[in-house]
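There are 2 protein chains.
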Amino acid sequence: MNTIIRIDMAQLKVTIENSPQDSQLLGGRGLSARILNAEVPAITHPLSHENKLVVAPGLLAGTMAPSFGRISFGAKSPLTKTVKESNAGGTVAQKLDRLGIKAIIIQGMPKENQTYIVYIDSKGAQIIKAPDLKGKMNYDLVTTLQNKYGKEIGVISIGPAGEAKMAASTIAITDQDGRPSRHAARGGLGAVMGSKGIKAIVINAKDTKAIEPIQKELFKETVKDLIETLKQDKGSQSFSKFGTPNGIKFLSQLGSMPSWNYHGGPVKGIENIYGETISEVNKSRGGRMHGCMPGCIVQCSIVFHGEDGQHLTSALEYETLAMLGTNLGITNLDAVAQMDRMCDEIGVDTIEVGSAIAQLMEAEVIEFGDDQKVIGMLKELREGSTMGKIVGQGTAFTAQFLGLDRVPVSKGQAFPAHDPRACKAVGVTYCASPMGADHTAGIDYRDSLSNEGQVKRSRDAQILNATIDSVGYCYLALPAKGQVMYEVLVKLLNARYGNNIKAEDVMNIGINTIKDELAFNHSAGWADVQNRLPGFMETEKLPPNDVVFDVQQEEIDAIFKDLG
Amino acid sequence: MNTIIRIDMAQLKVTIENSPQDSQLLGGRGLSARILNAEVPAITHPLSHENKLVVAPGLLAGTMAPSFGRISFGAKSPLTKTVKESNAGGTVAQKLDRLGIKAIIIQGMPKENQTYIVYIDSKGAQIIKAPDLKGKMNYDLVTTLQNKYGKEIGVISIGPAGEAKMAASTIAITDQDGRPSRHAARGGLGAVMGSKGIKAIVINAKDTKAIEPIQKELFKETVKDLIETLKQDKGSQSFSKFGTPNGIKFLSQLGSMPSWNYHGGPVKGIENIYGETISEVNKSRGGRMHGCMPGCIVQCSIVFHGEDGQHLTSALEYETLAMLGTNLGITNLDAVAQMDRMCDEIGVDTIEVGSAIAQLMEAEVIEFGDDQKVIGMLKELREGSTMGKIVGQGTAFTAQFLGLDRVPVSKGQAFPAHDPRACKAVGVTYCASPMGADHTAGIDYRDSLSNEGQVKRSRDAQILNATIDSVGYCYLALPAKGQVMYEVLVKLLNARYGNNIKAEDVMNIGINTIKDELAFNHSAGWADVQNRLPGFMETEKLPPNDVVFDVQQEEIDAIFKDLG
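These protein sequence lines map, in sequence, to chains A and B.
Our numbering applies: residue 16 is where the first sequence begins, and numbers increase by one.
Our numbering applies: residue 16 is where the second sequence begins, and numbers increase by one.
Misleading hints may appear alongside valid ones.
Because identical chains cannot be distinguished in the list, a pair is counted as satisfied if it fits within a single copy or across any two copies.
Listed next, the in silico SDA-like pairs over lysine to any residue satisfying Cα-Cα at most 20 angstroms (straight line) [what the hints assert, rightly or not]: (1) K576 <-> G540; (2) K149 <-> A25; (3) K576 <-> S538; (4) K249 <-> G497; (5) K149 <-> L417; (6) K298 <-> E322; (7) K149 <-> I226; (8) K231 <-> N514; (9) K126 <-> R421; (10) K256 <-> S299; (11) K388 <-> A350; (12) K556 <-> E65; (13) K126 <-> T554.
None of these hints come from the bench; they were simulated from the model.
Quantities reported herein were computed from a predicted structural model and do not represent experimental measurements.
Please build the complete structure, drawing on both the sequences and the hints.
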């Protein structure tokens with residue numbers, strides 16, 4: 016894979032470029048950071064013609080290795096106003112890699128307010144006017160495209176939220192069932208795609224097959240070992256059974272699962288959303304677990320069925336059950352599943368929008384626990400009411416509208432469902448990651464109430480995650496000792512590309528990615544002094560352990576100082 | 016004057032402090048910057064209990080010197096998220112100085128959502144519950160307070176916008192006619208006052224008299240000379256006749272008076288709002304010019320009467336006629352006067368709200384030129400509709416809501432009515448001033464289309480304005496050669512306080528103020544790289560002179576480097 020497809024929406028022109036020779040260790044998030052640094056003026060408005068959207072499969076996406084099929088999106092974020100990478104599973108990364116495509120760069124803005132799609136197959140890429148797709152919800156959109164282009168296509172798409180350039184908008188990716196259920200959800204990158212006038216990217220890779228590694232045996236053996244490791248791994252085992260909700264019992268008792276807009280404390284009926292309960296309910300309705308991408312052996316994605324036994328939503332994740340559930344005082348499983356589907360349809364981040372609705376509850380616009388009012392608000396968002404569009408701009412925006420000062424965001428982005436007071440390493444990540452408040456940028460629950468050693472834990476996790484985000488590996492498939500992945504990656508990358516790199520080179524993928532991202536953010540005007548959590552995290556004690564966020568700020572500020 | 020009144024709204028407690036000995040050159044804006052630097056964590060949320068609102072009369076406010084009665088408000092701004100000072104004329108600065116009050120510091124937040132007033136007289140200050148004042152418009156509020164406390168009081172107040180913590184909200188000050196017509200309008204400081212639960216500060220100085228300078232003769236002579244200078248000054252003469260609209264003919268032809276949301280070009284009927292026209296119309300209706308503060312000899316404030324011959328609004332300023340007029344394609348004088356009154360009632364900045372409405376026009380929500388729809392939108396703002404409240408959050412917020420990327424703001428604050436492309440020194444001020452886009456921070460129209468020498472002009476003007484904002488002098492009363500004010504101030508300050516300071520000491524008032532403000536902003540995370548105008552200012556040519564903003568960025572970035 017060494018082709019870069021450049022889509023210029025100002026000229027409505029496609030150019031095919033070769034990626035530079037030295038880019039063999041650049042893929043996914045790392046490549047995206049490099050391109051944005053080189054091509055986007057960091058100070059530009061995220062919705063301006065100067066911003067670019069980079070779509071890049073991981074370095075191992077098209078191989079037969081399991082759980083490596085994540086697709087990465089990068090741009091200056093309308094939400095954080097800094098660089099953002101957001102990735103997701105689904106089927107498109109594999110297809111792009113198999114088509115030999117290392118990245119798609121979308122730039123410029125169409126002169127006319129038109130709706131376009133980009134169609135990519137082995138013959139190249141075309142920009143096609145598609146006025147009939149304007150305003151479509153994601154599921155309907157994908158069905159329409161499948162009817163036209165065939166069931167086997169992969170689709171990258173935005174819902175009406177992205178078209179309306181909402182800062183909480185996502186980019187959806189089709190899963191193995193052909194549903195737009197996987198979302199690159201954080202950072203509002205759907206708005207950047209929307210600003211380029213692109214409703215969907217259709218990828219047809221039917222003429223292609225899995226990438227053959229240069230050293231087939233080494234590759235096969237390493238994959239076999241990795242699969243064995245994961246099969247033995249307790250975390251992976253639980254994920255396989257219960258998906259990400261597997262931790263709800265533990266996390267809600269620890270207090271790190273947010274409740275009552277971060278005021279904390281128990282929520283009645285929490286057992287309704289325990290991983291085990293969801294699994295039972297879902298099985299009884301004909302639902303199942305699946306892998307969001309081909310070949311995944313963890314298969315943590317819940318294909319959730321409604322009371323009528325029909326598919327309601329995929330996947331039903333912990334973050335959603337927290338941010339549209341407990342943090343709003345809601346434990347009604349079916350209501351949250353319905354909200355999840357609505358958000359997927361509209362194309363908005365369940366974390367960002369959930370936390371925005373929590374602000375409405377704080378301001379007593381909606382009562383805590385009123386799931387029907389939350390569904391009503393999501394309907395407003397779908398229909399584009401003024402209030403709905405405020406919520407679609409995210410948590411900080413909604414809080415400003417309401418005149419509230421207790422705002423759980425970092426770099427303008429809502430905290431995901433890990434309260435930093437009860438999981439201090441992730442708190443450090445929220446502070447210091449170039450990604451803002453994003454648990455997928457680096458999470459570690461060891462000794463999580465203590466303020467000792469958390470900066471190192473966060474740093475290690477951040478570098479590891481920046482690395483796996485560059486090769487396309489899923490962080491939910493990390494074994495307990497995540498650092499073993501470096502050795503696995505050395506072997507897989509050498510086998511795939513016929514190189515002779517070392518563990519250090521692999522770790523440098525992550526380090527260089529973070530360096531590039533920090534450089535972009537500094538050029539965009541981000542100052543380290545802003546690397547801190549909102550004040551209430553340091554003063555309001557979180558039940559049941561009465562903890563505050565108390566990691567030393569100087570230690571946090573120094574986290575990446577050695578990277579220069 | 017050496018008393019500091021500290022109002023703690025968390026404890027509902029007043030303390031009286033003496034200002035430090037070394038603070039004799041600290042007043043108004045300079046004092047406010049010093050206090051905020053010392054007492055407010057720069058990183059705090061502007062609406063949090065940690066922010067403070069400083070109210071400080073200028074150093075010469077209570078004397079008989081003319082045009083020195085400006086009152087200064089300072090806080091971390093909900094709009095710019097950096098330090099902001101906003102000042103206004105009216106009568107309260109004189110009263111505070113005569114009561115011996117150097118500053119009022121308002122801190123903390125009330126535990127209950129209550130409405131309070133602060134009553135200050137020669138016996139001290141009291142915090143008084145005032146639930147009946149909640150939600151009142153400014154004019155009604157002031158009348159209510161005058162009925163209770165007497166006609167001679169001075170009132171500092173917020174309208175419903177400040178209570179709702181809107182980022183475009185102002186702090187109103189009563190003028191000589193007892194009307195809340197003067198507004199410390201920029202930076203949304205009304206929201207900070209609102210967050211403290213204070214609806215009004217009532218100042219009763221009836222037991223006091225003008226401050227007697229220590230060296231009476233020197234003071235009297237200097238004042239006499241200053242008055243003579245102003246009487247000879249052409250600018251002051253025009254201001255006296257026509258108020259700030261006196262420049263509309265020239266500025267609209269130059270292109271620096273914004274039109275059509277900064278797309279520029281002529282607006283039909285512009286002659287309806289020429290200074291001369293307004294003057295004629297107003298005289299015929301029984302309106303007049305007045306000085307907003309006692310003793311002012313420029314008297315540039317237009318007391319504007321409506322078609323019915325009754326008072327409609329005071330004052331009717333150039334900025335309002337541009338931002339609610341030409342920049343919206345509107346030249347209907349009476350309509351703009353009505354909008355002005357509505358903004359004064361609600362307590363919102365005509366610049367910020369006008370520019371926000373221009374964004375609505377850009378998005379085709381309202382048609383350019385539709386004055387009745389604009390009045391309708393201000394009614395929505397008054398009534399607190401969802402859309403009205405969006406507009407009340409200002410230009411950048413409204414643009415984000417609409418998904419627009421062409422946003423005429425600097426440090427989050429809307430440009431006032433001087434297009435930086437046609438007045439490049441003020442463009443430099445928008446970039447580099449710690450105050451963000453604020454023409455009162457430093458304006459200079461010499462050779463205004465050229466990009467040469469504008470950084471020095473902006474710098475000189477910024478230092479001079481920071482100086483006069485600290486002594487309470489009105490920048491509209493600056494003679495053509497503004498720098499002569501340093502010599503005037505040396506004499507007046509020496510005469511007033513019995514000191515022996517030099518011109519350098521006076522200039523250092525301004526320099527130190529800017530240093531303090533820059534220090535605050537850097538601590539708040541403001542990076543110099545953000546000191547630039549939105550991209551379209553550098554690319555879109557402004558008619559009729561086809562100019563872009565092209566002052567060298569490196570030169571701008573170096574503007575205050577020598578201050579350390």
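Results of checking the hints against the structure:
For a Cα distance limit of 20 angstroms, the shortest separation of K576 from G540 qualifies both inside one copy, at 17 angstroms, and across copies, at 17 angstroms. In this assembly of identical chains, K149 and A25 lie within 20 angstroms of each other by CA distance solely inside one copy; the values are 19 angstroms within and 52 angstroms between copies. Taking identical chains as interchangeable, the C-alpha atoms of K576 and S538 lie at most 20 angstroms apart whether they share a chain (16 angstroms) or sit on different chains (18 angstroms). In this assembly of identical chains, the alpha carbons of K249 and G497 lie at most 20 angstroms apart only when taken from the same copy (13 angstroms versus 76 angstroms across copies).
Proximity of K149 to L417 under the C-alpha cut-off of 20 angstroms is restricted to the inter-copy arrangement: shortest distance 17 angstroms between copies versus 31 angstroms within a copy. Taking the shortest Cα distances, K298 and E322 sit within 20 angstroms of each other inside one copy (11 angstroms), while across copies they are farther apart (75 angstroms). Taking CA atoms no more than 20 angstroms apart as the test, K149 paired with I226 passes in neither setting, with 35 angstroms inside one copy and 69 angstroms between copies. Taking the closest pair of Cα atoms, K231 and N514 come within 20 angstroms of each other only inside a single copy of the chain (13 angstroms); across copies the shortest separation is 88 angstroms, beyond that limit.
In this homomeric assembly, K126 and R421 come within 20 angstroms of each other (Cα to Cα) only across copies, at 15 angstroms, whereas the closest approach inside a single copy is 41 angstroms. For the homomeric pair K256 and S299, the shortest alpha-carbon distance inside one copy (15 angstroms) is at most 20 angstroms, but the shortest distance between copies (84 angstroms) is not. Only within a single protomer do K388 and A350 lie at most 20 angstroms apart by alpha-carbon distance; the minimum there is 11 angstroms, versus 40 angstroms between protomers. For the homomeric pair K556 and E65, the shortest alpha-carbon distance between copies (18 angstroms) is at most 20 angstroms, but the shortest distance inside one copy (44 angstroms) is not.
Taking the closest pair of Cα atoms, K126 and T554 come within 20 angstroms of each other only across two copies (16 angstroms); inside a single copy the shortest separation is 50 angstroms, beyond that limit.
Of the numbered hints listed earlier, the single one contradicted by the structure is hint 7.
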